[in-house]
Amino acid sequence: MDYTPRTIMRMIQAGMEDEVLTSETVWTCAACYSCAVRCPRDIDITDVMVRLRNLALIRGYPARAGIARRGRIYNVDFMKIVRRFGRIYELELVLRYHLKTNPLNLIGMAPVGLTMFLKRKLRLLPRPAKGRAEIRGIFYRLQEKDQ
Amino acid sequence: MKYAYFPGCSQESTAEEYNRSLLAVAQRLDSLELVEIPDWNCCGATPAAAIVSPTLPHSLAARNLSIAREMGMDEIVAPCAACYKNMRKASHDLQYNEELRAQARGALGNRQLGRVPDVRHPLDVVVNDVGLDNLPVEKPLKGLKVACYYGCLLTRPAGGFDDIEYPTSMDRLMETLGAEAVDWPYKTKCCGGGIYMFHEQVSFSMSADVLVYAKAAGANAVAVGCPFCQLLLDLYQDKLGDLRHTSFDLPILFFTQLMGIAMGLDRSTLGLEKLVVPPFKLLAETVDAPESAERKPRKARAPKPKKWGEA
Numbered sequence: 001m002d003y004t005p006r007t008i009m010r011m012i013q014a015g016m017e018d019e020v021l022t023s024e025t026v027w028t029c030a031a032c033y034s035c036a037v038r039c040p041r042d043i044d045i046t047d048v049m050v051r052l053r054n055l056a057l058i059r060g061y062p063a064r065a066g067i068a069r070r071g072r073i074y075n076v077d078f079m080k081i082v083r084r085f086g087r088i089y090e091l092e093l094v095l096r097y098h099l100k101t102n103p104l105n106l107i108g109m110a111p112v113g114l115t116m117f118l119k120r121k122l123r124l125l126p127r128p129a130k131g132r133a134e135i136r137g138i139f140y141r142l143q144e145k146d147q
Numbered sequence: 001m002k003y004a005y006f007p008g009c010s011q012e013s014t015a016e017e018y019n020r021s022l023l024a025v026a027q028r029l030d031s032l033e034l035v036e037i038p039d040w041n042c043c044g045a046t047p048a049a050a051i052v053s054p055t056l057p058h059s060l061a062a063r064n065l066s067i068a069r070e071m072g073m074d075e076i077v078a079p080c081a082a083c084y085k086n087m088r089k090a091s092h093d094l095q096y097n098e099e100l101r102a103q104a105r106g107a108l109g110n111r112q113l114g115r116v117p118d119v120r121h122p123l124d125v126v127v128n129d130v131g132l133d134n135l136p137v138e139k140p141l142k143g144l145k146v147a148c149y150y151g152c153l154l155t156r157p158a159g160g161f162d163d164i165e166y167p168t169s170m171d172r173l174m175e176t177l178g179a180e181a182v183d184w185p186y187k188t189k190c191c192g193g194g195i196y197m198f199h200e201q202v203s204f205s206m207s208a209d210v211l212v213y214a215k216a217a218g219a220n221a222v223a224v225g226c227p228f229c230q231l232l233l234d235l236y237q238d239k240l241g242d243l244r245h246t247s248f249d250l251p252i253l254f255f256t257q258l259m260g261i262a263m264g265l266d267r268s269t270l271g272l273e274k275l276v277v278p279p280f281k282l283l284a285e286t287v288d289a290p291e292s293a294e295r296k297p298r299k300a301r302a303p304k305p306k307k308w309g310e311a
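Protein chains in written order, with my numbering: chain A, 1 to 147; chain B, 1 to 311.
Hints in this document: simulated from the structure, not taken from any laboratory.
Since this is a predicted model, take the numbers as computed values, not measurements.
Each residue gets a CB set at the ideal place from its N, CA and C atoms; glycine is no exception.
Among these hints, one or two may not hold up.
Unchecked claim - Residues from chain B shown here face chain A by an in silico Cβ test under 8 angstroms; the list is partial: (1) 102; (2) 106; (3) 108.
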């Protein structure tokens, strides 16, 4: 995390768009709402961070190395899968993510993957929603409006 | 009462035992009937707002809400804490924010969006609708010292069914089931589940702290109501132990599994074998142990300090 959330809020007020939208902080947030419910100024910090991720993408800021890049890859692929199936398909998400970041990690992941497989916690095939076309329509109408 | 049931993606994969045990418990309770929403879709997870548009979570949730409404349901039960938070937020915003409602309506195309159902968590429904007094406890969880771990999204953001900083619903439930709910400070700390894929180090350190505090409070099991908390604390428990140079050896159970055990349900319906840290030894030594003479002297000790909820 390169700036604290408080610094990010001040940077927004100061109009430091480039620095804010390329920061690691916005991708480090775990979205647990701890700070949001305690903020003395009633700022919904979690939603601000999520909105900043969105702005970074819409305004075409490059994802630098590290957490900003990895976070973006994960989030973008997550939504690609939801767009395709209407639901998430964990196996593809994990494979896509590791292949794009560091394929060698898949070797380290193998024992965990095996445990999950043996415990039948890993679904091998996607289970798509039947209303996929309708769901894709939702994506289509919203993306067109935003960009 | 009848509720529309929204399982969510993880109930069909990593947290299948949560789904199974919840349905088994609901089947036993006359006052809790769950009817699955046909052809439900993704709840509108956090990446939806980040990647596509701030109105996408509301629009995705709106499709589920609208189908539930078509079923004639006023309330939805969502067991995954993340789904619960996303859909609860969407339901609230769609009821009170005209602009968002109009946008979601537009995104939905031909589908109608009438009155929006409320979204509830099964813990809320069990404690506040079914009622703790109405739970049939046939096999009290004696000897279990449970750390009730709510995680971040069961109680946050504000406006949910319990206190945001110090919730007690699950603790009261566990005490009703005959277990001891230990008092500990990490009830609502985040496990880091939302970022563990791309920020493993941070999220593992957050999860390890949860287990350290549960152990320090004297717990011999942890109860959870979120698939991500369960996954991190259970599947990665060895790694978390290495990180803190210890071995936690703490079974992480969904609160519905503990309910099922206490209600005397057929244990094969509760998915206990799917837990990575097996709970069987603990259960044999506590819940299933015959009343032994060894245990009696312990009761003669000085009375414990009073805890919340005790008269």
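Exercise for the section: Could you check if residue 108 of chain B really has its C-beta closer than 8 angstroms to a C-beta on chain A? Expected result: holds, 7 angstroms
Exercise for the section: Using 8 angstroms as the Cβ threshold, decide whether residue 106 of chain B counts as touching chain A. Expected result: Hint on residue 106 of chain B: holds, closest Cβ of chain A at ~6 angstroms, below 8 angstroms.
Practice task
Grab the minimum C-beta distance from residue 102 of chain B to chain A and call the hint holds if it beats 8 angstroms, violated otherwise.
Solution key: violated, 12 angstroms
Comparing the model with each earlier hint shows a violation of hint 1 alone; every other hint is respected.
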